[in-house]
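Participant: Chain by chain, the residues run as shown.
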Amino acid sequence: MDGLGKTILKILFLSALGAFAIYWAALAALAGDWKVVPFVVLGAAGVSWLLLSERAYPLRYLAPGLLFMTVMVLVPVVYNIYISFTNYSTGHILRKDQAIQVLTSKEIPTSPPVRFRFTAYGTADYLRVIVISTPEGPLFVSPEGKVMDPGSFAAPDANGDGVPDSVDGYPPLGTREFLANHYPAVQRIRIPWEEGWLRLATLRDFGYFIPRYRYDPERDAIIDTRTGKVYYAGLDRFVAEDGEPLDPGWPRWVGLANYIRFIRDPRYHQAFGRVFLWNVVWAVLSVAFSFVLGLALAILLNDRNLRLRKLYRSLLIVPYAIPAFISILIWRGFFNTHVGLFNEVLKSWLGPRAGVPWLDDPFWARFSLIFTNVWLTYPYMMLVSLGALQAIPGELYEAAAIDGAGPWKRFTTITFPLLMVSVAPLLIGSFSFNFNNFTIIWLMTQGGPVVEIGSQAGATDILLSYAYKLAFYGARGNEYSMAAVFGVIIFVIVAVISGISFTRTRALEEVSRGL
Amino acid sequence: MRKLMLVALLALGVSAIAAEPGKIIIWADDTRTPVFEEIGKAYSEATGIPVEVVEVGFNEIRGQFITAAPAGEGPDIIIGAHDWVGELVANGLLAEIALPDELKAKYDAVALEAFTHGALYGLPYAREGVALVYNKALLPEAPATFEELIDFARDFTDPTVPQYGFAVQNPDPYHEFPFLSAFGGYIFGYDEEGKLNPCDIGLDSEGAITGAEYLDALFEEGILAAGMGWDIWTGLFSEGRIAAVITGPWAIGIAKGAGIDVGVAPIPLMKGHIPKPFVGVQGVMVSAFSPNLPLVEDFLFNYFATVDTQLALYERDPRIPAFLPAYEAVADDPILRGFAESIANGVPMPNIPEMSAVWGTWSDAMAAIGNQEMEPADALKKAADAIREVLGCK
Chain D
10 MDGLGKTILK ILFLSALGAF AIYWAALAAL AGDWKVVPFV VLGAAGVSWL
60 LLSERAYPLR YLAPGLLFMT VMVLVPVVYN IYISFTNYST GHILRKDQAI
110 QVLTSKEIPT SPPVRFRFTA YGTADYLRVI VISTPEGPLF VSPEGKVMDP
160 GSFAAPDANG DGVPDSVDGY PPLGTREFLA NHYPAVQRIR IPWEEGWLRL
210 ATLRDFGYFI PRYRYDPERD AIIDTRTGKV YYAGLDRFVA EDGEPLDPGW
260 PRWVGLANYI RFIRDPRYHQ AFGRVFLWNV VWAVLSVAFS FVLGLALAIL
310 LNDRNLRLRK LYRSLLIVPY AIPAFISILI WRGFFNTHVG LFNEVLKSWL
360 GPRAGVPWLD DPFWARFSLI FTNVWLTYPY MMLVSLGALQ AIPGELYEAA
410 AIDGAGPWKR FTTITFPLLM VSVAPLLIGS FSFNFNNFTI IWLMTQGGPV
460 VEIGSQAGAT DILLSYAYKL AFYGARGNEY SMAAVFGVII FVIVAVISGI
510 SFTRTRALEE VSRGL
Chain S
2 MRKLMLVALL ALGVSAIAAE PGKIIIWADD TRTPVFEEIG KAYSEATGIP
52 VEVVEVGFNE IRGQFITAAP AGEGPDIIIG AHDWVGELVA NGLLAEIALP
102 DELKAKYDAV ALEAFTHGAL YGLPYAREGV ALVYNKALLP EAPATFEELI
152 DFARDFTDPT VPQYGFAVQN PDPYHEFPFL SAFGGYIFGY DEEGKLNPCD
202 IGLDSEGAIT GAEYLDALFE EGILAAGMGW DIWTGLFSEG RIAAVITGPW
252 AIGIAKGAGI DVGVAPIPLM KGHIPKPFVG VQGVMVSAFS PNLPLVEDFL
302 FNYFATVDTQ LALYERDPRI PAFLPAYEAV ADDPILRGFA ESIANGVPMP
352 NIPEMSAVWG TWSDAMAAIG NQEMEPADAL KKAADAIREV LGCK
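Just so you know, the protein sequences line up as chains D and S, in that order.
Under the working numbering, think of the first position of the first sequence as 10, with each following residue one higher.
Under the working numbering, think of the first position of the second sequence as 2, with each following residue one higher.
What the hints contain is simulated information worked out from the structure, not anything from laboratory work.
Where hints are given, some of them may not hold.
The list that follows gives simulated cross-link-like pairs (lysine to aspartate or glutamate, EDC-like), each with its CA atoms no further than 16 Å apart [as the list claims (entries may be wrong)]:
1) K196(S) x E253(D)
2) K383(S) x E461(D)
3) K238(D) x D251(D)
4) K44(D) x E74(S)
5) K395(S) x D274(D)
6) K356(D) x D159(S)
7) K24(S) x E186(D)
8) K196(S) x D256(D)
Some but not every residue of chain S turned toward chain D, in silico, with C-beta under 10 Å [said to hold, decoys possible]:
9) I50
10) G64
11) G87
12) E88
13) A91
14) A99
15) P295
16) L296
17) N372
18) A387
19) V391
Note that the Cβ used here is the ideal one computed from N, Cα and C, for glycine as well.
Based on the provided sequences and hints, a complete structural model is requested.
Facilitator: Written out as structure tokens, the structure reads:
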């Protein structure tokens with residue numbers, strides 16, 4: 010395509026984009042979604058700039074990746090860090106104005122309920138007035154909720170039942186017509202009445218309700234209308250002078266308080282060292298054993314003299330092919346102390362008293378977990394190693410053989426170093442993955458067995474499962490902010506370990522460049 | 002184009018399906034969605050008010066509701082479990098429901114109590130809880146007392162076969178609670194307002210300890226196997242290797258599928274005391290941010306709280322109806338009746354959010370008891386103290 014065609018296409022595309030953005034922004038603005046407007050406008054402007062500016066040319070190719078990285082990685086990380094500085098948790102999720110709205114709309118139901126029939130007058134498009142039949146006579150209420158002077162309406166009432174036959178010539182509306190056209194306006198109406206208000210209670214009645222709480226904006230306080238108790242606005246909820254708090258509250262910025270709590274409160278930090286140690290051991294041993302096993306099998310399968318190679322290879326990949334969710338549960342069954350396969354086998358060999366408390370003892374639970382994880386992950390290591398082995402040039406081995414190097418020497422000086430060049434980054438990735446391998450821990454042991462009653466951390470809890478327990482089995486429902494603190498800590502740990510490892514593996518790349 | 006806009010808006014999280022006056026939006030799970038769609042259609046035809054049912058996975062509803070409702074994007078009605086009530090109320094997300102007296106009389110009292118937290122926050126439709134489920138081929142009649150059951154199990158149980166006269170899923174506080182409650186154990190006591198008091202923890206009360214000792218004796222004697230999880234015991238029960246078990250209606254399908262002729266009865270008296278299982282209740286709740294409370298109440302009282310609707314829900318998922326006229330219509334099913342009679346003795350599972358601090362620690366204590374690592378009194382005392390500390394009750 011020539012330059013002119015390209016330019017025309019570009020202009021057409023940008024015009025369409027601009028039109029779309031304006032339409033969208035207008036629609037969003039009309040719907041009251043003001044938050045959307047700047048995103049749409051800036052987004053469209055950004056795309057136009059990318060396509061029109063010469064200087065932005067290289068950015069055109071980077072922009073989609075950068076955008077997705079921002080949305081999928083950066084935003085969650087930043088949001089997580091932000092939450093860790095707030096007290097976002099059960100009882101603190103609304104805004105303050107919403108909390109006030111919720112509290113002041115609570116009503117004390119009258120018993121028995123007081124209900125007054127109402128009639129609406131108007132047409133589908135126009136609501137003239139609502140007439141509520143109270144014991145003190147008809148109450149004329151405007152669509153805005155104002156009580157009007159009955160004298161200002163022409164309201165003939167031929168049968169004298171208090172319900173006008175028409176008002177200013179407008180007929181009474183049927184329930185269906187009323188609901189379809191005027192419900193949104195009328196449901197907002199609150200008419201002051203005795204100690205409370207009248208509001209729409211059913212499809213045909215207004216009802217009398219007494220508010221449970223009143224908000225006093227001058228004192229910034231909520232007053233219980235029954236007891237007169239005053240709850241003053243604190244930093245994140247309303248609290249009475251005797252210390253009684255009122256739900257719901259709202260979240261607030263707490264600065265480093267959550268981190269200080271993490272350090273000071275033994276509930277959080279006491280088990281941290283133990284959990285962290287096991288977490289590292291778990292990740293290292295899982296990767297090490299599965300890599301050794303996978304590599305050994307790969308070298309074996311790489312031997313052309315091996316018969317039925319393809320069959321073995323297919324069979325060895327089976328653990329990888331079964332969904333982990335299923336196989337982990339099956340393994341858990343195998344390891345059951347009372348009726349599991351392993352203990353059944355042990356019993357049949359060694360007598361009815363034999364058996365190992367596989368998942369009920371801290372050491373054996375850890376053993377069982379690593380064993381299962383190796384079984385789950387060695388096929389991956391095997392596949393990766395098989396590929397890497399193929400990539401090692403054959404002439405290196407020939408040269409080594411000529412120089413008189415034996416198989417072990419060849420493995421340690423050629424195979425292993427060259428293998429590490431391509432496999433080392435994958436091992437680091439595997440380490441990070443296992444460091445946070447919540448699935449297997451949760452499905453096998455849920456962090457158990459118990460180390461100490463009252464400590465949330467069991468013998469096999471890793472940081473993530475520990476954080477999960479603290480967050481969702483916390484003091485009072487969900488402690489999102491404390492979970493976020495753990496998220497930040499885990500993020501830092503994994504980032505540091507990965508960072509160090511990657512600089513180390515760069516040294517390995519030097520090896521391969523030297524070839 | 003409008004559709005495209007809608008998709009784009011949705012993609013940005015600006016839901017177009019948000020509560021608005023004059024339209025009822027319901028979040029229901031896949032099992033219950035068709036029933037709500039049907040009564041929603043009937044309601045629309047009668048009143049002209051549109052009713053939209055959005056299908057959300059049962060376990061997703063609570064979390065999504067907590068996020069969506071404050072943002073003004075939530076529904077008017079959600080279905081859910083009664084133990085969500087405390088958390089949702091603490092978050093300020095639920096509206097009180099003014100249930101008329103004539104309807105109140107038609108509901109199971111325990112089910113209504115379950116949805117009560119100072120005021121009524123939900124309208125129940127189903128209740129469930131554990132009972133004694135037995136294999137009629139091994140145990141023709143449910144024993145009247147637990148001591149009889151223990152005598153039977155003493156002869157029948159042989160872990161080397163393996164076969165068990167009696168089993169309870171453990172460590173699992175939910176299933177082991179009837180032992181504690183029989184002797185007067187409880188989780189949270191009530192305050193003067195009738196709300197559960199999170200600092201009155203009865204896990205180490207005298208009754209709870211006596212019950213745990215009763216249970217502990219069964220573990221110690223080898224009548225109960227410790228560490229018997231769901232997948233293990235359902236397997237054994239299906240093979241006809243367990244005569245009786247404390248479980249809920251959710252296990253009946255598996256047992257029947259394996260061709261076991263099951264009977265269901267209230268959990269037998271323990272030393273003359275009635276075991277009180279936890280009762281779990283499902284129902285509908287109304288958003289505090291709904292501008293449609295009058296419509297929603299009209300819809301719920303006249304279209305949802307009816308025998309036809311409750312039976313339709315029962316057809317889709319045979320749980321014990323909380324609406325008594327509907328229960329009576331299906332009570333000739335002996336299995337359903339067995340469970341209903343068992344949970345008639347029950348107590349609602351605590352519905353306050355502090356309960357989440359209880360489960361894990363309590364479960365640890367039950368594990369220590371089952372594994373014979375600790376004496377019941379020590380384990381429960383330690384667990385209760387730990388919970389008090391977490392909840393700031395010291």
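Participant: If a hint holds in the structure, say so; if it doesn't, say that too.
Facilitator: Hint check results:
1. K196(S) x E253(D): Holds - the C-alpha atoms of E253(D) and K196(S) are around 15 Å apart, at most 16 Å.
2. K383(S) x E461(D): 9 Å, holds
3. K238(D) x D251(D): Answer holds: K238(D) to D251(D) is near 10 Å, not above 16 Å.
4. K44(D) x E74(S): 14 Å, holds
5. K395(S) x D274(D): Holds: K395(S) and D274(D) sit about 15 Å apart, inside 16 Å.
6. K356(D) x D159(S): Holds. K356(D) to D159(S) sits at ~14 Å (cutoff 16 Å).
7. K24(S) x E186(D): With Cα atoms ~14 Å apart, K24(S) and E186(D) stay inside 16 Å; holds.
8. K196(S) x D256(D): 14 Å, holds
9. I50: 6 Å, holds
10. G64: This interface hint holds because 9 Å falls under the 10 Å limit.
11. G87: With Cβ-Cβ at 8 Å, under 10 Å, it holds.
12. E88: Because about 4 Å separates E88(S) from the closest Cβ in chain D, which is inside the 10 Å limit, the hint holds.
13. A91: 4 Å, holds
14. A99: 5 Å, holds
15. P295: 5 Å, holds
16. L296: Hint holds; L296(S) Cβ to chain D Cβ min 7 Å, cut 10 Å.
17. N372: Since the shortest Cβ distance to chain D is 6 Å, the answer is holds.
18. A387: 3 Å, holds
19. V391: 5 Å, holds
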